[in-house]
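Protein chains: 2
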Amino acid sequence: MATIQDVARTAHVGVATVSRVINENGYVKAETKDKVLRAIRELNYTPNEMARNLYHKKTGIVAVLIPVVSHPFFSEFIKETEKVLYEEGYQTMICSTFRQQNYEEHYLDLLNKQQVDGIITGVHTLDIKHYQNIMRPIVALDRRLGSHIPCVAVNHEKGGELAAEALIRSGCQKVIQMTGHRSVSSPSNARHEVFEALIKTHGIECINYLTKWNGFEYGDYSSAAEDIAEKYPDIDGVFATDIMACSLIHALAKRGKICPRDYKIVSYDGTFASRIPYPCVTTIEQPIAELASVCVGLLMDQIQGRIIKEMNIQLDVHFRQGQTTAS
Amino acid sequence: MATIQDVARTAHVGVATVSRVINENGYVKAETKDKVLRAIRELNYTPNEMARNLYHKKTGIVAVLIPVVSHPFFSEFIKETEKVLYEEGYQTMICSTFRQQNYEEHYLDLLNKQQVDGIITGVHTLDIKHYQNIMRPIVALDRRLGSHIPCVAVNHEKGGELAAEALIRSGCQKVIQMTGHRSVSSPSNARHEVFEALIKTHGIECINYLTKWNGFEYGDYSSAAEDIAEKYPDIDGVFATDIMACSLIHALAKRGKICPRDYKIVSYDGTFASRIPYPCVTTIEQPIAELASVCVGLLMDQIQGRIIKEMNIQLDVHFRQGQTTAS
Chain A
1 MATIQDVART
11 AHVGVATVSR
21 VINENGYVKA
31 ETKDKVLRAI
41 RELNYTPNEM
51 ARNLYHKKTG
61 IVAVLIPVVS
71 HPFFSEFIKE
81 TEKVLYEEGY
91 QTMICSTFRQ
101 QNYEEHYLDL
111 LNKQQVDGII
121 TGVHTLDIKH
131 YQNIMRPIVA
141 LDRRLGSHIP
151 CVAVNHEKGG
161 ELAAEALIRS
171 GCQKVIQMTG
181 HRSVSSPSNA
191 RHEVFEALIK
201 THGIECINYL
211 TKWNGFEYGD
221 YSSAAEDIAE
231 KYPDIDGVFA
241 TDIMACSLIH
251 ALAKRGKICP
261 RDYKIVSYDG
271 TFASRIPYPC
281 VTTIEQPIAE
291 LASVCVGLLM
301 DQIQGRIIKE
311 MNIQLDVHFR
321 QGQTTAS
Chain B
1 MATIQDVART
11 AHVGVATVSR
21 VINENGYVKA
31 ETKDKVLRAI
41 RELNYTPNEM
51 ARNLYHKKTG
61 IVAVLIPVVS
71 HPFFSEFIKE
81 TEKVLYEEGY
91 QTMICSTFRQ
101 QNYEEHYLDL
111 LNKQQVDGII
121 TGVHTLDIKH
131 YQNIMRPIVA
141 LDRRLGSHIP
151 CVAVNHEKGG
161 ELAAEALIRS
171 GCQKVIQMTG
181 HRSVSSPSNA
191 RHEVFEALIK
201 THGIECINYL
211 TKWNGFEYGD
221 YSSAAEDIAE
231 KYPDIDGVFA
241 TDIMACSLIH
251 ALAKRGKICP
261 RDYKIVSYDG
271 TFASRIPYPC
281 VTTIEQPIAE
291 LASVCVGLLM
301 DQIQGRIIKE
311 MNIQLDVHFR
321 QGQTTAS
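One line per chain: the protein sequences are A and B, in this order. Counting in this note's numbering, the first sequence runs from 1 upward without gaps. Counting in this note's numbering, the second sequence runs from 1 upward without gaps.
These are calculated hints, taken from the structure and not from any lab test. Incorrect hints may appear among the rest.
Identical chains share a label here; the pair holds if one copy fits it or two copies do between them.
What the hints assert, rightly or not - Heads up, simulated DSS-like pairs for lysine-lysine below, C-alpha to C-alpha not over 30 Å straight-line:
hint, residue 1, residue 2
1, Lys33, Lys200
2, Lys231, Lys129
3, Lys83, Lys33
4, Lys129, Lys113
5, Lys200, Lys257
6, Lys35, Lys113
7, Lys58, Lys257
8, Lys212, Lys257
9, Lys174, Lys83
10, Lys35, Lys231
11, Lys174, Lys113
12, Lys257, Lys29
13, Lys309, Lys212
14, Lys113, Lys58
15, Lys113, Lys33
16, Lys83, Lys35
17, Lys58, Lys212
18, Lys29, Lys113
19, Lys83, Lys113
20, Lys33, Lys158
21, Lys257, Lys35
22, Lys254, Lys174
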C-alpha cells in the first residue's frame, strides 16, 4: 500500500505539502496541488483515516448507549439514529449495557479518551454523578443527567393520560400497568403517575406491577406475563409497552382470555411489535424517528460548538385507535 | 486536561519515556516507570486513545454490516456479536445498508481506510467483485463472497427439510413459502430448493412467493401478507421467516382464518418474534448466539494473523415443535 512518503516522493514535494492538500488546510500553489493529486491517483493512495482524524481531532464516530438492541424500541431508535448520523457524516457505535454498570462506565470512558466524538445515551444503569464532570458532547434520551446535558423525551404525561382515558372509556374496573423502577430519574416515569391518578379518580382499581430492573429481553417479558396471568386472573384492563403487551396477550390467550372480549389493552411505544397481535392493539406512539433526529441535532450543536438554548425537549405522542379498547 | 508533555515535565523524563510506559513497549527502569505512573495519577492524565491506536495500528473497532437493525434476526445477531466482541476488547460499529448499494461501498471503505480493524457482513446489496481485492479481515454471514473470505451459515438444507416434513405431516395440500431474490449467492437459498423439492415429491402444490428485494422493514412484511391473504385465500400451509409469519398470522386472522384450524405454519429463525403469536408457532431455530461467536472467532483469527483452515462453517438448526403443525 502506498504511503504519504511515496506520494511526496512521486510529486517531488515535502510530506507536509501532501498533508496540506489532503486535509485541505493551508496554502498550496494550484500547480503543486495538481502534482500531488496526480501522484495520489497514480499510486492509488488512501490516506489513513485514523491519522487524518487525529490531526482534525475528530473520530467521525458517535456512540449510542442503550440497554439492549433486541428490544424493539431500542432497535428502532438505533435504526433512526444511525440514519440521521450517516447523513451528518458520522458512523454509529452501538454500546449496549447488558445490565452491567461497568459497561456504561467503559462507554463514558470512550468519550473521555476521544475514541468517539459524542454520546447519545438511553441507558439508566449508572449513577448520574458519573456524568457531572463530563464536559464533552452528550445528549440523554428519556433521562435527566444534570442541567448541563440536554434531555429529549416525549410528553409522557399526555401518554399516561391518553392510555387511562382509553381504558376508562372501555368500562374497565380493575386495571394493571407495568412500571420500571422509579429510582431512576426519567421523564417516562410521569406516565405511570398520571395514569394511576386518573384511573383512581374514576374509582377504578389500579395495580402497579414492577418489572425486573433493566430486564429488556423477551424472556423477561414473557415470565412477567405468566406471573401476571396467574396472580391477577381478574384484570380487565392493561397498560404496558408494546413488547410486554405482546407477551401478555399471549399468556392470556393461553388461558382462554381473548381481547377485547375479556379484557382491554393499550400499548406504549408504537414499534413494529405493536402491529403484530390481532385484533389491532390500541397504542400510544412515540415519534421514534423524530426523537432520533432531535437527539442527533443537539449532539451536532455541541460538537460544532453551538449554544443550546433549550435543555429539555419534549415531543408529542400520538394516539392510535385499535380494536383492543372501545372507540 | 493534562497532556503527555505535562506528564513528562512532572516526572522529569522525556515524552518518549512516558510513551514507552503507557504503551508498555521498550525498556524503562523500574524507578523511572514509578515516577511516570505517579505523575499520571497526580495529573489525572488520560492518554488519547486515537493516538495510542494509531501507534499500535489498530482501532479496536469492528464494523457489522446488516440490512437494517429493526429486523429481529439482525437485532439479535447484533446483540450477540456485540457481546462477544466486547469480551474480545472490541467495540461494535453498526453499519446498516438501508437498501443502498453505495452504503455498503462506504463501509468497505472504512476497512480500507483503517477506521475499523475488521468487518462482519450480513448484507447482500453489493456485487461480490467489490470484495475480490480486499485482503483485510472480513467474515461473511450467510453469503459467499469468494474463496478468501470465510462464510458462516446454518445447515439451511436441513432447515428446509424439517419445515417441509412438518407441513407434510400436517396433511397440507397447498403450501406457500416466502423466498428472497435468488440472484444473490447465499447458502440460505438452499432451504427453499430443498423445501420445494420435498413438498412436490409428496404431490403437494408449492407456491414460491418472492418478497421485495432487500425489504426488511415490518411494513414490507405486512403488505406482502395482505397480498398473499388476498391472492391465495385457499393456502393451508405456510413456511416463512418469523416476522413474515407474524404478519401473515395477523392478515389471515383479520379474514377469520385461525391456525391450526384453517392452515398450518412453520417459521424460520427462532427470534423473539416467533414467540409472540398464540398458538405457539412451530419454528426452525438458527443458533444466533453461536453464529455470532463463530463469526467473531474467525475475524479474530484474521486480525491476529492466524491461518483459517475451514472457510465454510455450517452450524446445526433446531426444530421447535409448536401448536401450528401436527406433532
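| From the Cα coordinates, with 30 Å as the cut-off, is the pair lysine 174 and lysine 83 best called within, between, both, or neither? | neither (42 Å within a copy, 41 Å between copies)
| Taking 30 Å as the upper bound on the Cα-Cα distance, should lysine 309 and lysine 212 be classified as within, between, both, or neither? | neither (37 Å within a copy, 44 Å between copies)
| Under a CA distance limit of 30 Å, which applies to lysine 129 and lysine 113: within one copy, between copies, both, or neither? | within (19 Å within a copy, 38 Å between copies)
| request: Pop the pair lysine 35 and lysine 231 into one bin, within, between, both or neither, using alpha-carbon distances up to 30 Å. | output: Neither: 78 Å inside a chain and 63 Å across chains, both beyond 30 Å.
| request: If the cutoff is 30 Å on CA atoms, where do lysine 174 and lysine 113 land: within, between, both or neither? Let me know, please. | output: neither (52 Å within a copy, 60 Å between copies)
| said: Regarding lysine 254 and lysine 174, is the shortest C-alpha distance of 30 Å or less found within a copy, between copies, in both, or in neither? | reply: both (20 Å within a copy, 28 Å between copies)
| Within, between, both or neither, where lysine 35 and lysine 113 count as close if Cα-Cα is 30 Å or less | Between copies only: 22 Å across chains, 37 Å inside a chain, cut-off 30 Å.
| Between lysine 113 and lysine 58, at a C-alpha cutoff of 30 Å, which is it: within one copy, between copies, both, or neither? | For lysine 113 and lysine 58, both the intra-copy (12 Å) and inter-copy (15 Å) Cα distances are at most 30 Å.
| task | Have a look at lysine 231 and lysine 129 and pick one of within, between, both or neither, based on CA distance no larger than 30 Å. | result | neither (38 Å within a copy, 59 Å between copies)
| task | Using 30 Å as the alpha carbon limit, work out where lysine 83 and lysine 33 are close: within a copy, between copies, both or neither. | result | neither (35 Å within a copy, 46 Å between copies)
| field | Status of lysine 257 relative to lysine 58 across identical chains (alpha carbons, at most 30 Å) | value | neither (56 Å within a copy, 57 Å between copies)
| query | Using 30 Å as the alpha-carbon threshold, which applies to lysine 83 and lysine 113: within, between, both, or neither? | reply | both (25 Å within a copy, 21 Å between copies)
In summary, the numbered hints that this structure violates are 1, 2, 3, 7, 9, 10, 11, 12, 13, 16, 17, 20, 21.
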